[in-house]
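Undergrad: So the chains spell out like this:
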Amino acid sequence: MSNFSLSLKDAQDVAIMSPTGYINDLGAERLELTSEQYLGRGLRKIVINFSHVQFINTLGVSIFTGIVQKTIDYEGQLCFTNMKKIHRDIFETVGLIEHVRVFKDEKDALSYLSDRD
Amino acid sequence: MKRMMFSIASLADLGQEVSSSKELTDKMRSALYVVTGMFSVPSASLYAYEAPKKCLKLLAHKGHKDAIKQVSRLTIRADQVGKFRINEPHTIRELSLSDFYEQNSSVFASLQARIFLPLFVKDEFVGALALGKKIGKTPFRPSDKDVLRVVAHQLAITLHNARLFRDLAKKAAENKRLYENMRRIYHDTIQAFAAAIDAKDEYTKDHSYRVASYAVAIARELGWKKNDVEGIYVAGLLHDIGKIIIDRDIINKGEALTGPEVREIKKHPQISYDILSKIKFPWKNVEMFVLHHHERVDGKGYPDSLSATELSEGVRILALADAFDAMTTDRPYRNRMGLDEAFREVLKCSGTQFDEHITKTFFNLLLRELSGEVHDLQILPLLPHLTESISAN
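Heads up: the protein sequence lines correspond to chains A and B, in order. Per the working numbering, the very first residue in the first sequence carries number 1; after that it's consecutive. Per the working numbering, the very first residue in the second sequence carries number 1; after that it's consecutive.
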């Protein structure tokens with residue numbers, strides 16, 4: 001069974017997704033599908049809060065690659081917050097970090113996005 | 001350095017996915033996700049080679065949700081397979097010069113593939129991986145090709161094993177089907193024999209079938225295993241096969257038999273055994289049940305006058321089933337008994353002719369059927385002429 005859950009909240013025109021647990025199997029694909037649904041509905045600003053993410057493996061990287069690509073396709077903006085160093089290192093290594101904005105917390109990300117209308 | 005460490009960790013993740021116990025489609029999908037994560041590729045497709053259909057069939061994909069139909073199949077001929085470099089990544093630029101690419105150009109356009117990786121186990125082609133462009137259009141590095149060679153080996157072995165397993169499962173299903181057919185033919189043949197035995201005796205029509213059915217009812221009640229129950233059913237059907245060579249006039253004689261006639265008819269269990277012991281039944285002891293179905297627990301039976309301790313449970317069951325049917329059907333020398341009379345007769349002979357435990361088991365089941373406690377009737381349908389009078393009373 002997947003050790004993964006996802007909580008969602010909308011802050012006006014921003015979708016905030018907070019995954020919890022391990023992002024290492026197909027159960028975590030929900031994160032990618034949900035992002036796509038938000039983008040498909042016209043929402044262009046997505047924040048992913050990593051504070052409750054315990055582990056990301058290569059399959060997890062694939063899921064974030066999909067999210068990044070879809071955000072590019074929809075010309076959206078993707079922000080990552082509350083990242084541990086180990087997770088940031090992975091995204092730097094695979095080159096995903098160049099396509100996202102990284103913030104200390106949700107507040108900073110929302111503040112940045114509110115100036116980008 | 002970081003990149004190399006990530007590649008090693010990714011290959012470990014891939015190893016974990018391909019060796020998982022997941023169903024093949026899920027396993028290959030997870031493996032494909034790991035590969036796309038390794039190279040930051042948002043779209044990729046994994047194909048399994050189907051030589052008879054001359055195609056590569058889509059097994060798993062990522063990022064082609066809107067174009068599944070277009071990418072579901074690549075056509076390929078054996079001579080085109082021979083041109084691939086084994087487990088070596090081919091760039092689409094290289095591949096575009098081949099007639100394989102030419103005939104699948106629309107599929108490759110939908111795939112937006114940058115790398116085509118043919119998957120081989122030794123020199124057997126098992127499938128292929130098509131990788132799309134990297135995110136941000138970063139080109140594939142020379143070191144990526146080294147990692148892809150390792151990926152190719154892992155995926156190829158997984159596909160190959162899955163194919164072997166699938167072939168084995170197919171063969172097992174085919175064997176099972178053949179076995180079932182053979183079993184059916186076996187049963188039909190046995191039924192035909194039983195009909196031939198009963199045809200010889202005008203009074204004992206369906207006797208073999210009823211004896212077999214009573215024996216099954218008792219064996220089930222005693223908790224016998226399914227295969228053993230089937231064995232005693234067959235023994236019941238064939239227990240009188242030796243009567244085939246006994247003179248019809250003796251079998252159907254309407255008065256008391258003479259001494260030589262009794263001796264003649266008593267030969268039938270041994271003759272039955274002699275016939276059946278030539279057959280290698282898939283059930284245990286069929287011929288022994290038949291040989292001893294006229295033995296008694298007091299040792300006064302025939303042909304071997306065995307003592308109670310020498311009688312198997314199957315023999316005891318068959319002895320009671322045979323005698324009970326003889327009592328409850330018309331014979332040339334007497335009319336059938338009513339159910340009450342047959343009950344009394346069996347009880348009288350319990351402990352001498354019949355085994356007490358088997359008798360008790362049989363009567364308990366019969367009484368439960370008569371009281372309506374049991375819905376799946378096994379004995380009463382065999383006694384319509386007797387149970388009608390009971391319900392009338």
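No lab work stands behind these hints: they were computed from the structure. C-beta: ideal position from N, C-alpha, C; glycine also. Incorrect hints may appear among the rest.
[What the hints assert, rightly or not] Some chain B residues near chain A, calculated using beta-carbon distances under 10 Å:
(1) Met5
(2) Asp13
(3) Ser30
(4) Val41
(5) Pro42
(6) Lys65
(7) Lys69
(8) Cys349
(9) Ser371
(10) His375
(11) Leu377
Undergrad: Compare the structure with each hint and give your call.
TA: Checked hints:
1. Look at B:Met5: its Cβ gets to within about 8 Å of chain A, closer than 10 Å, so that hint holds up.
2. Evaluation of the B:Asp13 hint against chain A yields a held restraint, the C-beta minimum of about 4 Å falling below 10 Å.
3. Checking B:Ser30 against chain A by beta carbon gives a least distance of about 6 Å; that is within 10 Å, so the hint holds.
4. Given hint, B:Val41 at the interface with chain A, holds; its Cβ is 7 Å from that chain's nearest Cβ, closer than 10 Å.
5. Taken as an interface hint, B:Pro42 checks out: its beta carbon lies about 4 Å from the nearest beta carbon of chain A, inside 10 Å.
6. Hint status for B:Lys65: holds, given a least beta-carbon distance of 9 Å to chain A, under 10 Å.
7. For the restraint placing B:Lys69 at the interface with chain A, the shortest Cβ-Cβ distance is roughly 19 Å, beyond the 10 Å limit, so the hint is violated.
8. Against a cut-off of 10 Å between C-beta atoms, the interface hint on B:Cys349 is violated, since the closest Cβ of chain A lies about 63 Å away.
9. Taking 10 Å as the C-beta contact cut-off toward chain A, the hint placing B:Ser371 at the interface is violated, the least distance being around 50 Å.
10. Look at B:His375: its Cβ only gets to about 42 Å from chain A, farther than 10 Å, so that hint breaks.
11. Checking B:Leu377 against chain A: minimum C-beta separation of about 47 Å lies over 10 Å; hint violated.
Of the numbered hints given earlier, the model fails hints 7, 8, 9, 10 and 11; all others are met.
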